[in-house]
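J.: These are the residues of each chain, in order.
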Amino acid sequence: MKKVTLSHVSKSYDQQSFAVDDVNVEINPGEFFVLVGPSGCGKSTMLRMIAGLETITAGDLSIGENRVNHMPPSKREISMVFQNYALYPHLTVEENILFGLKARKMNKIERNERCQEAADLLGLTPYLQRKPRELSGGQRQRVALARTVVSQRPICLLDEPLSNLDAKLRGYMRTEIRQLQKKLGITMIYVTHDQVEAMTMGDRMMVLKDGKVQQVGTPLSIYNQPKNLFVATFIGAPPMNTLPLSLSQDRSLMFMNEKISLATPVSWRTLLNTKDHFHLGVRPEQVFPAEEVLEPSIKFDVTIEDTEVLGNETHFTFTLGKATWKAKWQGQWPKNIGDLLSLAVPLEAAYLFDTDTEEIFYSGQVQLSEGVQVL
Amino acid sequence: MMKSRGWVVYPLLIISSLLLFFPIVYAFLVSFMSGTDVMNRSFLPSIWNWSNYERVFETVPLMRYLMNSFIVSTGVMLGQLVVCAFAAYAFAFIPFKGRNAVFLLFISTLMIPWEAAMIPNFLTIQAFGWMNSYLSMTVPFFALAFGTFLLRQHFKTVPHELMEAADIEGLSKFATFYKVVLPYCRTSLVTLGIYGFLTTWNMYLWPLLVTTNDEKRTVQIGLKQLQTVEVATDWGVVMAGVIIVIIPTLLLLFIGQKQLQKGLTQGALK
Ligand SMILES: Nc1ncnc2c1ncn2[C@@H]1O[C@H](COP(=O)(O)OP(=O)(O)OP(=O)(O)O)[C@@H](O)[C@H]1O
Ligand SMILES: [Mg+2]
Chain P
43 MKKVTLSHVS KSYDQQSFAV DDVNVEINPG EFFVLVGPSG CGKSTMLRMI
93 AGLETITAGD LSIGENRVNH MPPSKREISM VFQNYALYPH LTVEENILFG
143 LKARKMNKIE RNERCQEAAD LLGLTPYLQR KPRELSGGQR QRVALARTVV
193 SQRPICLLDE PLSNLDAKLR GYMRTEIRQL QKKLGITMIY VTHDQVEAMT
243 MGDRMMVLKD GKVQQVGTPL SIYNQPKNLF VATFIGAPPM NTLPLSLSQD
293 RSLMFMNEKI SLATPVSWRT LLNTKDHFHL GVRPEQVFPA EEVLEPSIKF
343 DVTIEDTEVL GNETHFTFTL GKATWKAKWQ GQWPKNIGDL LSLAVPLEAA
393 YLFDTDTEEI FYSGQVQLSE GVQVL
Chain Z
176 MMKSRGWVVY PLLIISSLLL FFPIVYAFLV SFMSGTDVMN RSFLPSIWNW
226 SNYERVFETV PLMRYLMNSF IVSTGVMLGQ LVVCAFAAYA FAFIPFKGRN
276 AVFLLFISTL MIPWEAAMIP NFLTIQAFGW MNSYLSMTVP FFALAFGTFL
326 LRQHFKTVPH ELMEAADIEG LSKFATFYKV VLPYCRTSLV TLGIYGFLTT
376 WNMYLWPLLV TTNDEKRTVQ IGLKQLQTVE VATDWGVVMA GVIIVIIPTL
426 LLLFIGQKQL QKGLTQGALK
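Taken in sequence, the protein lines are chains P and Z.
Under the working numbering, think of the first position of the first sequence as 43, with each following residue one higher.
Under the working numbering, think of the first position of the second sequence as 176, with each following residue one higher.
Warning: the hint list may mix true and false statements.
[To be verified] With a straight-line Cα cutoff of 20 Å, these simulated SDA-like cross-link-like pairs (lysine to any residue) come out:
#: 1; chain 1: Z; residue 1: K354; chain 2: P; residue 2: V258
#: 2; chain 1: Z; residue 1: K354; chain 2: P; residue 2: L133
#: 3; chain 1: P; residue 1: K224; chain 2: Z; residue 2: P334
#: 4; chain 1: Z; residue 1: K348; chain 2: P; residue 2: R90
#: 5; chain 1: P; residue 1: K117; chain 2: Z; residue 2: S347
#: 6; chain 1: P; residue 1: K147; chain 2: Z; residue 2: M338
#: 7; chain 1: P; residue 1: K147; chain 2: Z; residue 2: A350
#: 8; chain 1: P; residue 1: K173; chain 2: Z; residue 2: L357
#: 9; chain 1: P; residue 1: K144; chain 2: Z; residue 2: F352
#: 10; chain 1: Z; residue 1: K331; chain 2: P; residue 2: H132
#: 11; chain 1: P; residue 1: K144; chain 2: Z; residue 2: K331
#: 12; chain 1: P; residue 1: K117; chain 2: Z; residue 2: K331
#: 13; chain 1: P; residue 1: K173; chain 2: Z; residue 2: K348
Simulated from the structure, these hints should not be mistaken for lab results.
Given the sequences, and given the hints that come with them, work out the whole structure.
T.: Below is the structure:
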């Protein structure tokens with residue numbers, strides 16, 4: 043098994059801007075690695091460079107110990123699953139699955155054995171003689187996965203394989219792909235723009251924006267310790283609430299706008315000594331009813347602008363300063379639009395971001411490394 | 176609404192199909208008539224007999240002509256398919272400097288009528304010593320701008336992922352071409368094949384120019400000969416010849432149509 047290493051990998055299509063900008067990462071053998079980011083951030087470009095379908099403008103790509111920048115795709119020992127499945131419409135399911143093995147001139151007995159195994163694994167046995175157009179979306183995607191299985195190649199690249207499926211099937215295929223990866227023990231590099239997929243499937247994930255790596259880490263570490271404002275708001279549903287605040291001269295007040303201010307928690311004052319502005323970030327599930335919070339907290343009163351009751355949880359929408367916030371409470375709360383709410387955010391649930399760099403400089407929960415002050 | 180439209184549309188369709196079919200139907204009827212029937216301009220033969228069909232095989236070497244036509248048409252069809260497919264592949268998939276300019280130049284030859292190029296072509300063929308050979312009737316037609324255009328347009332619709340998947344599986348460029356691109360574009364290939372076969376089968380002027388003996392002549396010229404070898408043209412015999420000549424054409428259309436429909440319903444896979 044081989045690891046995939048990218049060092050200073052960049053890609054430019056137009057010689058002016060970078061679609062992928064100086065990416066450094068090491069993907070371990072047997073890992074489920076997810077590339078996630080908004081549309082156009084360079085995920086597909088990065089994956090296609092690893093596959094060898096796109097040339098690398100600068101930097102080195104290695105698989106195992108070898109630099110493979112110029113190695114043709116077929117020599118890289120990879121398989122790939124595409125968004126629209128890339129099944130050959132003129133071939134049956136079986137021929138589609140065996141397409142690559144035939145090209146590699148594998149003998150017939152072994153070929154059929156592998157096909158049988160893959161078909162069993164993915165529940166495709168009854169459909170082997172059908173044409174792809176006679177299958178449902180989920181079945182087609184499973185055929186595409188079966189191709190990966192029979193290829194027995196150690197690295198599998200997937201580019202938004204579930205985005206053509208409906209929500210329910212997507213949830214089902216998520217577990218299926220994940221189980222498949224564990225069973226085969228192969229490395230999977232998985233591209234998605236859906237943060238839920240990234241959170242639920244990945245061993246580790248990389249968040250990209252405008253071609254630049256924002257953060258790499260396990261889903262939980264990224265959720266709990268986002269490095270900057272973008273990651274904080276991209277990961278999590280509903281996304282993290284943020285609020286730009288400006289400080290009074292003596293740092294005792296935090297202004298949401300000209301009129302409304304909050305008292306700066308005492309424990310933050312030294313921390314904010316050097317700042318005039320900052321962004322406050324709070325996850326919706328950390329915005330509690332004021333009476334429930336006993337530890338040090340920020341308190342404020344708001345008017346409910348919208349409520350969504352989702353069976354076992356309730357979302358409230360309200361405005362704080364110029365920002366729209368959401369609170370997520372467990373259970374069903376019979377509140378109406380226009381009702382007043384007294385809310386509190388425990389200090390240890392707050393994230394503070396620098397307004398200019400958008401980097402995080404304080405998080406109540408955890409000790410942050412790299413030049414972050416903790417009180 | 177739909178019903179009243181049907182009352183208008185169907186009679187119109189029936190009338191136009193009758194108009195279109197009349198010459199062929201009448202040729203069929205005439206081919207069974209005796210000389211007197213033809214002279215009397217009767218619509219139906221008074222006695223149905225096969226003698227015209229026997230005579231047509233006696234007066235000219237029709238089997239020979241049919242065979243020549245078949246060889247030439249098949250040759251042109253295959254040649255066109257191969258040459259056009261290769262050219263279209265280059266224009267669709269291989270990025271090279273000035274590709275669009277070359278393609279436009281290629282397409283612009285569509286505007287030069289074949290007749291205008293006939294004299295120079297004839298001289299070339301003569302210089303090659305290809306008179307009275309199958310080569311002269313096939314090779315000049317291999318490179319077909321229309322066919323290249325047709326195939327290129329279809330090739331361009333082949334999803335990139337299909338080719339990339341083949342690339343990852345380790346297929347060579349050529350293997351990708353004939354295992355992925357060609358099967359995907361089968362419909363266009365069939366269309367072009369039928370088109371090539373039929374146009375060549377019906378060609379008259381060029382085969383007349385480049386052949387001087389029965390050995391290599393095609394059926395269209397043979398038919399013409401039926402009219403001139405006799406003192407007074409026996410239309411019954413000529414029409415018998417015509418019917419025999421259009422049979423392969425019709426057969427091809429019927430078979431091809433089925434193939435075409437299959438290809439069309441197969442469609443692309445989303
Ligand atoms: N072949 C190309 N030529 C020029 N620019 C390209 C090409 N492919 C992608 N780009 C540009 O590179 C950037 C990254 O594209 P990429 O396809 O990698 O995005 P992505 O993250 O996969 O987005 P999505 O989630 O929408 O698929 C985009 O700005 C895009 O316009
Ligand atoms: Mg993409």
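J.: Does each hint hold? Answer for all of them.
T.: For each hint, the structure was consulted:
no., hint, in the structure
1, Z:K354 - P:V258, "violated (41 Å)"
2, Z:K354 - P:L133, "holds (10 Å)"
3, P:K224 - Z:P334, "violated (31 Å)"
4, Z:K348 - P:R90, "holds (19 Å)"
5, P:K117 - Z:S347, "holds (12 Å)"
6, P:K147 - Z:M338, "holds (19 Å)"
7, P:K147 - Z:A350, "holds (13 Å)"
8, P:K173 - Z:L357, "holds (17 Å)"
9, P:K144 - Z:F352, "holds (16 Å)"
10, Z:K331 - P:H132, "holds (17 Å)"
11, P:K144 - Z:K331, "violated (26 Å)"
12, P:K117 - Z:K331, "violated (27 Å)"
13, P:K173 - Z:K348, "violated (25 Å)"
Hint compliance for this structure: hints 1, 3, 11, 12, 13 are not met, and every other hint is.
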